[in-house]
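There are 2 protein chains.
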Amino acid sequence: MKFIAEIDVMPQKEILDPQGKAVKLGLHNLGIDAIDNVRIGRHITLEIDADSKALAGEQVEIACRKLLANLIMEEFSYEIKEA
Amino acid sequence: MKFIAEIDVMPQKEILDPQGKAVKLGLHNLGIDAIDNVRIGRHITLEIDADSKALAGEQVEIACRKLLANLIMEEFSYEIKEA
Numbered sequence: 025m026k027f028i029a030e031i032d033v034m035p036q037k038e039i040l041d042p043q044g045k046a047v048k049l050g051l052h053n054l055g056i057d058a059i060d061n062v063r064i065g066r067h068i069t070l071e072i073d074a075d076s077k078a079l080a081g082e083q084v085e086i087a088c089r090k091l092l093a094n095l096i097m098e099e100f101s102y103e104i105k106e107a
Numbered sequence: 025m026k027f028i029a030e031i032d033v034m035p036q037k038e039i040l041d042p043q044g045k046a047v048k049l050g051l052h053n054l055g056i057d058a059i060d061n062v063r064i065g066r067h068i069t070l071e072i073d074a075d076s077k078a079l080a081g082e083q084v085e086i087a088c089r090k091l092l093a094n095l096i097m098e099e100f101s102y103e104i105k106e107a
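Here the protein sequences come in this chain order: A and B. Okay, so the first sequence: first residue is 25 according to my numbering, each after it adds one. Okay, so the second sequence: first residue is 25 according to my numbering, each after it adds one.
Here chain A stands alone, though its shape is the one from the complex (with noise of 0.2 Å):
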């Protein structure tokens, strides 16, 4: 079976982001000013063939601890949906 898992990921919360912070700064300059808090991280779409939700699941945790995420500064969240 297909499935289609959507991954985020984020830096750490306690990690500074200075991408968010130059955002936010081109934000407030266009004279968007009610915005805070902007954090810039990574959106993952894939197509992953398994034979179950579960099975997925497994691959796509795996995918993201040994590839996709630096656990050390981010972290990582995912969906996963039947294709």
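Incorrect hints may have been included.
SDA-like mimics (lysine to any residue), calculated; alpha carbons at most 20 Å apart, straight line [to be verified]:
#: 1; chain 1: A; residue 1: 77; chain 2: B; residue 2: 60
#: 2; chain 1: A; residue 1: 105; chain 2: B; residue 2: 56
#: 3; chain 1: B; residue 1: 48; chain 2: A; residue 2: 91
It should be emphasised that the hints constitute simulated quantities derived from the structure, not laboratory data.
Place chain B on chain A using the hints.
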């Protein structure tokens, strides 16, 4: 009222995603080879102060169009939640 916006900015479907290709290769090299069609974009979270959810959505739409996404190569989607 405070709202939280969760924004995804992804490369358009028609556009090649070399970063995604590289990640797919990396995953295959790790032995995770049931994975295909990897696409990598940005995930942005921000807090926004607005009188209603609709007004918050308008601001986020403007922010995406003016700064967060390059509409020639990328598409965006977002969700607004009450903080």
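Outcome of the hint check:
The suggested pairing of residue 77(A) with residue 60(B) holds, with an alpha-carbon distance near 16 Å, which does not exceed 20 Å. Simply put, residue 105(A) and residue 56(B) have alpha-carbon atoms about 18 Å apart, close enough for the 20 Å limit, and the pair holds. Of the supplied pair hints, the one linking residue 48(B) and residue 91(A) holds, its CA atoms being roughly 10 Å apart against a limit of 20 Å.
In this structure, every one of the numbered hints holds.
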